[in-house]
Amino acid sequence: MIPPSFTYARATSVDEAIALATEHGEDAKYLAGGQSLLPLMKLRFAAPTVLIDLGRVTELSYIRDAGTYVAVGALTRHHDVATSELLRSDIPLLAHTAEAVGDPQIRHRGTIGGSVAHADAAADLPAALLALDATFVIRGESGTRSVPAAGFFHGIFETALEPGELLTEIQVPKPATPAAWSFQKFNKRAIDFAMVGVAVQGTSVALINMGSTPLRATAVESALAAGASVADAAALAAEGTNAGSDIHASKAYREHLARVLVRRALEEASARS
Amino acid sequence: MDSDSEGEFEVKVELTVNGKDVTADVEDRTLLVHFLRDVADLTATNIGCDTTSCGACTVLLDGESVKSCTVLAAQADGRAVTTLEGLASDAGEMHPVQRAFHEEHGLQCGYCTPGMVMAIVSLLKENPSPTEAEVRQGLEGNICRCTGYHNIVRAALSAAASSGTGASQ
Amino acid sequence: MSILGTRVIRTEDPRLLTSGGVYVDDLREPDLAGAVRATFVRSTIAHALITGIDTSAALEAPGVVAVLTAADMTDLPTPPPPEPLPDDAPPPEGPAPMGGVWQEPLLAVDRVRFVGEPVAIVLTDAAYGGEDAAELVSVDYEPLPAVPSIEAALADESVLFPGAGTNVCVRGGRPIGDESIFEGCEIIVEGDVVNQRVAALPMEGRATAAAFKDGKLTVWTSTQNAQLARLIFTAVGLPPDAIRVVAPDVGGGFGAKIGVDREQIVVAWAAKRTGRPVRWVETRNENLMAMTQGRAQLHHIKMGGDREGHIKAYRLDVVQDSGAYSRMGGFLPMLTNLMAPGVYDIPAVEANYTAVVTNGTPIAAYRGAGRPEAAATVERVVDWYAAEAGVDSALVRRLNFIRKDQFPFVTKTGAPYDTGDYEAALDKVLAAADYNELRAEQERRIRAGETRLLGIGLASYVEITAADGAAGETAKVEVHDDGTATVYTGSSAHGQGHHTAYAMIVTEELGIPMDKIEVIHGDTDLVPDGVGTYASRSLQLGGSAVHTAAIEIKEEASKKAAELFEAAESDVVLDTATGIWHIAGDPDKSLSWSQVASAAGEGLIVANVRFTADRPTFPFGTQLSLVEVDVETGKVTLLRHVTADDAGPVLNPLLFEGQRHGGIAQGAAQALVEEILYDADGNPMTATLMDYGAITAAELPSFELLTSETPTTVNPLGVKGIGEAGTIGATPAVHNAVVDAVKHLGVRHIDMPMTPERVWTAIQKASSK
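One line per chain: the protein sequences are X, H and E, in this order. With the working numbering applied, the first sequence covers 1 to 273. With the working numbering applied, the second sequence covers 1 to 169. With the working numbering applied, the third sequence covers 1 to 769.
Derived by calculation from the structure, the hints in this document are not laboratory data. These numbers were taken from a predicted model, which means no experiment stands behind them. Among the hints, a few may not be true.
Pairs of lysine-lysine, DSS-like flavour, derived with a Cα cap of 27 angstroms [stated by the list, open to error]:
hint	chain 1	residue 1	chain 2	residue 2
1	E	K516	E	K559
2	E	K743	X	K188
3	E	K589	E	K554
4	X	K251	E	K769
5	E	K743	E	K312
6	X	K188	E	K765
7	X	K251	E	K765
8	E	K743	E	K769
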């Protein structure tokens, strides 16, 4: 219930945040909304000795129309992503996925960058961003680099971020047909993480909780590109995945869900457009 | 925090709670809920779990509902917090949501109630005329074991209606 | 104009809604100033010998006041040496912990038997240092083979209590196995029904604060009965009159806070031992591992009847998982046996039980305590039988109900049902739900090949309340010289609204307005004698006690008023609408309560009552659940829930409905989402609220409650108990609804909780036949 002791440090700018991280090294963690990190610390599954609070780094909270894409500051809260008029009209998949994260209280605190950097395999936003072919802008001591979503998620809680690096911006290309979206989050209770989830934008299909990272359903996408029907393509949803078995669902059931949900997502996306 | 832990006060936190300034030096790891309960001495806000699941600790942070067990007091530094105790008017008149809970029997043991009320205050602020489904969905992060939610939902819809804009079906 | 039967909003609410309730962790009593915090060190292994406990590192940590283990309990009276019960001893059926070889220690001595069992208590100056210090206590375990399930327990390969030589702690019930009762049955249904282990999950966990000063122990504890708690606290080596127990606001109990648990005794002992006040508030993780849990029965059933739907015989064989320590002997499965036939007049009934210990959290009372298990199974099996026979499930019930004219009715299992009208409750629900329309829509969707199908589930239930009517309940009512009244009740509300209900009873009888009546409970200094709130007993016993006391007050006041009026007592009248005493036919002469009480000895009119009932009461009802099952995924959505729950005259519809709502939610939750799980080594898999499926508003519909009031003759108010009935009916209603949705595919039974995967798997299995 109570986290182990740590030192609290506060950054008011990106530069200051990175400097603090560099100074404190591997024992330091960035604290964004804290809705993923603090629960882990309270259960004593994580015990960083320094927390760098990014709550005052207001320069990273924005949603900007950049023409062919929308630039979302990493510290933009889920609530703001969900209610953004720009996103609801131009990238509704992203807005609606943000609306599905946790509950209203969590959405008032949690940030899109925090969720992406935390990289829980059962999280909603990473999969949507993968389906949208987003690019993540990362700043570190040595400068800025960009990593496409496809290369960003390495494993459970593991990403391309090097120690001390800070995710600063998420660039989401505007889809050709914004309305061709669907987000299927399957769970036992509304508040649960997705047992299995699917994010679809056009013919891009990403899966939640079918492996240690969000996955593109490449077999499905290839089949669609080759002219297969939605039903036939969706039947391939579990190919190339590695779903786990736990108290919520077995691997076989997850694979079945993936097939059903991919089919429904593609049908819904198609109906919307 | 019943007494001093010498040498471990490492951060100064100043925030406004129900309109009153509260300042204290506390352990860095102090959760906002403990700051409210033990430093500001406002014990209405309760703790019901340890995984950010139950919502009993819900308060308003700068007007928006948050789970105060999953916010560090230090993160709330310089901000304004509203708890159940701060909802009634200065003249002691109940907030429409409090009044609706009373009229609709929206509480039994009362333990989840402060968090539930604050969650609904925030929900109605963002959505003044919610449907029943929107209220139920909006309370997915608040667990009650006594009421079965039926009257809590009625209270939320009644408060929405009495606030003039009317609840939609 | 009677106040009884009207919707009176609660007198408890203004305080709870504005300044919040004061639960144990909120107490700022002067005697608790400087209280140390208690943190328990708990077993991380399900079954093991303790070979060593090293507290040295913890003792050196800053802010640590003490670290205590069983070895420090030298000041406690030694428990009697364990002795096995003789073979011919009657099975312990009472709700008392089994001692002897099954004895449960306060802190683990040389063995742990469930993950979460308390091993040591750490006292720290500050709450925040508690977990840090507890982590430094080092316990050496020598693992023993785990017994994580009923099956493993029955195998008796690994035994929790070597002194007993077996994991079977109690057997009881009537002989079963007479196959002749099924002779001639055209339809026979046989199988296993699981009533899974669930958590009580009050939103406030267990919490206790204790202070020992000048030879007196004061304990503030979250309990359903302070008086019983006081008796239990004598275990620290003090007589009852040196102990005061106070129940402050209690954040829910549901049976799991009856009396107190071993941790609370340890906290009280620690306060006495160290001379420092101590406060303990468990975390939710501890609560989900170490607060007593509910249900956990495995049923083997057999039901036989004819093709038209007449049930001829029913056999129920119960195995009760007691968890690591048998807290209640055979009490729970004994009640399950008692209520086995439910609302039906079945010619032959056999019911039996066995209770075993396993390496899990101890099982005790949880909303319904043994009766939900009976209803859940008989209602499920009746539907199963109906499906096999091809008879509509409403019709099967109707054909087999105990008829209204058969009451009072003693079942084949010995339950003395007082009053009931089961058919009327069924009819009400079918009409309100528009049953035939629902069946038509269900049919239409199946024919149209839709994938979201409707399921309609019925449950007609009866349950036993105030089973311990002989223990009764106490009430002391005082009318003061200022015209106000005080009610001291042995009932112990933890959300039920007794203060409002009991004030209504006093207002009704005496005409004293509600806002001039104070109700007090839960403090043994003020209410030394009382039984408490559980088993849905409070209104019928506690309310009847208040009612009886009020009438005694009226009689005494009438005599005093007659004196003051210098009139005959038969001419004295109390106008209960205004609370004014008159002489009949003489409007000029009147007296207020204040005047009458002032004239009484010591300016006080008092009545002190213990009301007992010679029999329990049997509320009943029918519930209907309408669900939608997505057959492609197995996901269930609750669409409607229609109920007629009858507990006699309704004192306050607001409170009555509230109990039903809460009960329905818990019942539905067991059917759909809740289950305590262990892995093969006995490690808890659902020990946080992220993993344990507590139901939220998002999963539930609003409920449709119908009125039905069939009084009992057992008490002057004519009331039965409603506290648990909602839960008892809801679980099988939802359960039956889901199976009903897919019975056309050949599914006959699905075990609870009906998670999407379970439902989907059942569909696959049936379809592959």
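How the hints compare with the structure:
no., hint, in the structure
1, E:K516 with E:K559, "holds (23 angstroms)"
2, E:K743 with X:K188, "holds (22 angstroms)"
3, E:K589 with E:K554, "holds (18 angstroms)"
4, X:K251 with E:K769, "holds (23 angstroms)"
5, E:K743 with E:K312, "holds (23 angstroms)"
6, X:K188 with E:K765, "holds (21 angstroms)"
7, X:K251 with E:K765, "holds (17 angstroms)"
8, E:K743 with E:K769, "holds (13 angstroms)"
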